[in-house]
Amino acid sequence: MKILTCPLNGPRNISEFVYGGEVKDMPDPNTCSDKAWADYVFYHDNLIQIVKEWWLHAPSGYWFIAERHTASDEIIKTYDPSEIYNTRIEFSTQQEERA
Amino acid sequence: MPFSLLKYGLNKDYPFEKHADLPAPCELKPSYDVVIVGAGGHGVATAYYLAKYHGITNVAVLEKGYLGGGNTARNTAVIRSNYLTNEGVKFYSESVKLFQQLSNEFDFNIMYSERGQLTLAHTDAAVRGFRQRAEINKHFGGRTELIDPQQIKELVPCLNMNPADMPILAGLWHMDGATARHDAVAWGYAKGATQRGVELHQLTEVTDIDVENGKVVGVKTNRGNIKCGCVVQAIAGHSSLLAAKAGFKLPISTFPLQAMVTQPVKPFLNPLVSSPSLHCYVQQTSRGELVFGGGSDPYPLYNSRSTLDLKESLLANAVELFPFMANMRLMRQWAGLTDMTSDYSPIMGLSPVDNYYLDAGWGTWGFKSTPIVGQTMAQLVASGGQVPDLIKPFAMDRFDSFAQVNEMGATAASH
Ligand SMILES: Cc1cc2nc3c(=O)[nH]c(=O)nc-3n(C[C@H](O)[C@H](O)[C@H](O)COP(=O)(O)OP(=O)(O)OC[C@H]3O[C@@H](n4cnc5c(N)ncnc54)[C@H](O)[C@@H]3O)c2cc1C
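Residue numbers (my numbering), protein chains in the order written: chain A, 1 to 99; chain B, 100 to 514.
Honestly, the hints are just simulated from the structure, not real lab data. It cannot be assumed that every hint is accurate.
[Stated by the list, open to error] Partial selection, computed: residues in chain A whose CB lies under 8 Å from chain B: (1) 15; (2) 34; (3) 42; (4) 44; (5) 46; (6) 47; (7) 70; (8) 71; (9) 73.
[As the list claims (entries may be wrong)] Here's a subset of chain B near chain A, in silico, CB distances under 8 Å, partners left out: (10) 349; (11) 399; (12) 401; (13) 402.
C-beta atoms are modelled at their ideal positions from N, C-alpha and C, and glycine is treated no differently.
Could you put the whole structure together from the sequences, leaning on the hints where they help?
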């Protein structure tokens, strides 16, 4: 059984977690090109290295970040996303302006 | 010892040199017209058709391990064409037709065995999906029918019709479903290609790609550098690693896919049986073993280890389908690295680098496509980059224009 340490709930069986993809910088959806958005959504580094990834602890609905090696599967560390994301992201589109 | 046997033992040109399937290893030349990276089924099939139909033989196939030792050796050899999209069904149907006559083409038995493939529906939504797939498949000349529980019982008498309290409502019966000996496919293509002058270099790893002014001009290997007119990359689970050396990213994530096999028993199961809801498929090999597998691992990894988690979940469902399997012993387990795209369709054709052609994103379903991949990639190379119509929908830039070819529902746990 592989153990993943959740920053909120402590060490748990990895089957309690859902993988959420590489952590990437999101381009501004209101201003970026279609190509830049496609890059963000579909294209991945997918290399052999230590990567930052999103993980969800499903029973508690808690998202966090893990650093993991993609060949040895060693989990280096896990932490709350607020360590990286500490400013509010505005998702609202400029619907009103366009209308 | 009979004299006739002794005669062969003492005869100088028997058995090796004259009768070897593959030529002895040789030095790399400084340059080739075409370099194919990866001697899995896809790489050697491309080389074969280049030589056979296009007369292009100044070709090197470079393989870091041994011929057919990647996913070609690890797959469960399901061959079928009952996909969901027009683009997919057209493409895979061509492959099934080529598979049907491949033993004759090679003069070598690939043990093609047309058993039919049965996919089980446990929900109304699945029944609706199957109806659509049956119609699309028939439209493109495939043999696929929606069948009821009574017909399912007749086809597979030992199947539990109420597995995991999810009663079987209907089945998608794909009469063209088949299996073949995967190694033999790679060997047959490699033999045919090398007999026509293609060079196969095993234990030769491509470590870097030389790109000048946006165009590939050569590759670096652990045995030295070579120049080339063009490159075909056909390396399955390692696709993103080499693409990064050529300077671009792919819409691919690499996940392990595990499978396992039991001890052999008497023949009792003719069709290939799969249940997308139970994430499980089961088939009996011609040696009597039961092979089974399911979906990819839950997160990406470049490691072909096997896990207890997967065994537990897969076996629990397999035993629901065939309860007596609980008494059987597992003999082997293994995994391969699968290059998954988000729409479950491959990436074939041009890349951001000129003369650098892609055959990737084959995930968990690329064995069945080996012959048609070889033919279409050979056409692409021979024409200097004119993408054949059959593979146009699989261009990498479909992701940039949000024109995916969604085969997720038809791939699931069936491969
Ligand atoms: C467990 C499992 C079950 C599967 N079941 C099915 C199935 O039932 N039906 C189906 O259709 N498909 C199935 N698949 C998928 C199928 O196996 C693959 O899609 C298919 O074999 C891909 O063929 P290929 O020739 O592209 O790749 P491979 O056979 O993997 O060949 C690629 C080769 O490239 C080599 N290589 C990698 N990097 C380099 C480098 N830098 N330099 C030189 N060489 C390199 C590798 O060593 C390898 O030999 C399954 C896969 C797995 C793992």
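Violations among the numbered hints = When the structure is compared with the hints, none of them turns out to be violated.
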